[in-house]
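Protein chains: 2
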Amino acid sequence: MTPVHFYFDFSSPYGYFAAHRVDALAAGFGRGVDWHPILLGLVFETTGGRPLPSQPLKGDYARIDIPRTAGRLGLPYRHPSRFPVSGQAGCRAFYWLRERDPAAARGLALALFDALFVDDRDIGDPAVVIEVAAAQGVDRAALAAALADPRIKALPREATERAMQAGVFGSPFFIVDGEPYWGNDRLGEVAERLGTGPRA
Amino acid sequence: MTPVHFYFDFSSPYGYFAAHRVDALAAGFGRGVDWHPILLGLVFETTGGRPLPSQPLKGDYARIDIPRTAGRLGLPYRHPSRFPVSGQAGCRAFYWLRERDPAAARGLALALFDALFVDDRDIGDPAVVIEVAAAQGVDRAALAAALADPRIKALPREATERAMQAGVFGSPFFIVDGEPYWGNDRLGEVAERLGTGPRA
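Protein chains in written order, with our numbering: chain A, 3 to 202; chain B, 3 to 202.
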């Protein structure tokens, strides 16, 4: 069976929530999950979108809704002192590691989310990404070299462009058997869809 | 008990979905609903938002998600041939009628939503609003006069400004005992909130 495709930006609180839920949800239907970190900043160049905190009224709402949602889901959440942060270094590390060990890459993605949204660490800083990865058993020197490798540096943009071609414009975003779902709120619908299977 | 405040734009498909759900949901918790049609176009002047159909990628998603959501909710939906439409005439008619008969105003709002999203009628045209209202038993001549009355014409903008002061930036939007919820997706959370009562 094809995996659930899960798209997210490392600076997205709702992406962090979904990251802690999507694997177990999909596994309940015998499905794996293909994780795709993307750069929402690049997406916004196409869509004209803006980061939530900078939007009048909507930013105020997000500051209420994000901790409220964390509470409902039973997930820890501390709003980062520096926010939003760049997901560049995290994306590079993820795609480099995925070439070697996909499960480790997913573990790193979760650890980066927790570093930002639980421990208030600035994962926009490549040095912090290396620290977080090292704590997961990743070789520091190899990762540091990878973060500066032009081939690896190109991967986040390529992943983001592929995502946009698939219709992705936000975080989190799910594609299940070709059917798109935007938002952590839609994981219930993702589950419904997984339960009924592809439409005839 | 204070009512649930329900904000919507007449041109919002997700507002149409919520309009068919919110009264029964609130009544299940012994609550009434205060309906507030607003002009999202005015809100967007403040927030920099744009109508869904004109947004790259997000507009494509909406064209998938809106009929899909209608199907899940068991509500009829036909995408209007002219879209989006202005909610000015509908708002004026609503607020004028509400001064006389709040229940009739709510009935008119539902009839306007159905006219747009089921029967593909252009409710941006004041003549269509008058037709729809007349079918609900509203006096045509009195409504036609009201739509041109400067005091009535000012009401939609005033309602929209009050809504923005309360933090509203989208449609549908709900405020329950001061707690804001954005989106038809959040009616489940509105119900949870109504079930637990105000926070201590």
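Hint data in this document are derived by calculation from the structure and do not stem from the laboratory.
Hints are supplied without guarantee of correctness; some may be wrong.
Any copy will do: because identical chains look the same in the list, a pair fits if it lies in one copy or spans two.
To be verified - Taking lysine to aspartate or glutamate and the EDC-like style, the derived pairs with C-alpha atoms no more than 16 Å apart in a straight line are:
no., residue 1, residue 2
1, LYS155, ASP124
2, LYS155, GLU101
3, LYS155, ASP127
4, LYS155, ASP36
5, LYS60, ASP103
6, LYS60, GLU47
Consistency of the hints with the structure:
1. In this assembly of identical chains, the alpha carbons of LYS155 and ASP124 never lie at most 16 Å apart, being 19 Å within a copy and 51 Å across copies at closest.
2. For a Cα distance limit of 16 Å, the shortest separation of LYS155 from GLU101 inside one copy, 14 Å, qualifies, whereas the shortest one across copies, 62 Å, does not.
3. For a Cα distance limit of 16 Å, the shortest separation of LYS155 from ASP127 inside one copy, 15 Å, qualifies, whereas the shortest one across copies, 54 Å, does not.
4. For the homomeric pair LYS155 and ASP36, neither the shortest alpha-carbon distance inside one copy (20 Å) nor that between copies (53 Å) is at most 16 Å.
5. In this homomeric assembly, LYS60 and ASP103 never come within 16 Å of each other (Cα to Cα): the closest approach is 38 Å inside a single copy and 33 Å across copies.
6. In this homomeric assembly, LYS60 and GLU47 come within 16 Å of each other (Cα to Cα) only across copies, at 13 Å, whereas the closest approach inside a single copy is 19 Å.
Hints 1, 4, 5 from the earlier list are contradicted by this structure; the remaining hints agree with it.
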